[in-house]
Amino acid sequence: AQSVTQLDSHVSVSEGTPVLLRCNYSSSYSPSLFWYVQHPNKGLQLLLKYTSAATLVKGINGFEAEFKKSETSFHLTKPSAHMSDAAEYFCVVSDSNDYKLSFGAGTTVTVRA
Amino acid sequence: NAGVTQTPKFRILKIGQSMTLQCTQDMNHNYMYWYRQDPGMGLKLIYYSVGAGITDKGEVPNGYNVSRSTTEDFPLRLELAAPSQTSVYFCASSNLGNSPLHFGNGTRLTVT
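Chains as they are written, first to last, in this note's numbering: chain A, 388 to 500; chain B, 48 to 159.
So here's chain A without its partners, still in its complex pose:
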């Protein structure tokens, strides 16, 4: 069975500064890993996914994440935060032989002007 831990429940950054959202996972098999974003009163939207190709994954809106197997981590970063990045972010893991996904508890990002 897989699980995921998002290490920060809330992150606050100034506009134009870097954003780091931390995610650790556990998985019995080769995992697929995803980051989703949820804006208020909306459904979740895929930011990026890792499925055993390149360990550095580029997503939409300038986000990227690095898969580190030795550290069982999949941290999400963005070099320069924008006001529109204020949202909740979810790290998600799925075992390669299981189509049920496990969601982290979420990280709320606040961007200060």
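Heads up, some of the hints might be wrong.
[Claimed, not checked] Derived pair list, reagent style SDA-like, types lysine to any residue, alpha-carbon separation capped at 25 Å:
id, chain 1, residue 1, chain 2, residue 2
1, A, K487, B, I59
2, A, K445, A, S414
3, B, K61, B, I101
4, A, K429, B, I59
5, A, K429, B, D85
6, A, K487, B, R124
7, B, K61, A, N428
8, A, K429, B, N152
9, A, K436, B, N77
No lab work stands behind these hints, which were simulated from the structure alone.
Following the hints, put chain B in place on chain A, whose structure we already have.
Coordinates of chain B only, in the frame set by chain A:
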């Protein structure tokens, strides 16, 4: 392109009432899912389906039922609403088992 459509957007139920949350997708996806989202808890899987006529329980199925008579539709039924079912419900679909999910915009349900 509609994607995943959920209705209603909001609903208030009294304890003991029943209702059906509707979900339909127009992407011909085989896999469909129902999640509930509670503050600080992430999303929990209620039920899922890997194709028409096939459904199975997720992590938190108690108090809910589903059916999948067509590829497009995956309704979620609450038979005897309880305050613990107050939540935001999301329907999602995917093409393959490990493919990214496409989400609806959610149904916000309050049981009082």
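Against the structure, the hints:
no. : hint            : result
1   : K487/A - I59/B  : violated (29 Å)
2   : K445/A - S414/A : holds (22 Å)
3   : K61/B - I101/B  : violated (31 Å)
4   : K429/A - I59/B  : holds (19 Å)
5   : K429/A - D85/B  : holds (14 Å)
6   : K487/A - R124/B : holds (21 Å)
7   : K61/B - N428/A  : holds (23 Å)
8   : K429/A - N152/B : holds (5 Å)
9   : K436/A - N77/B  : holds (20 Å)
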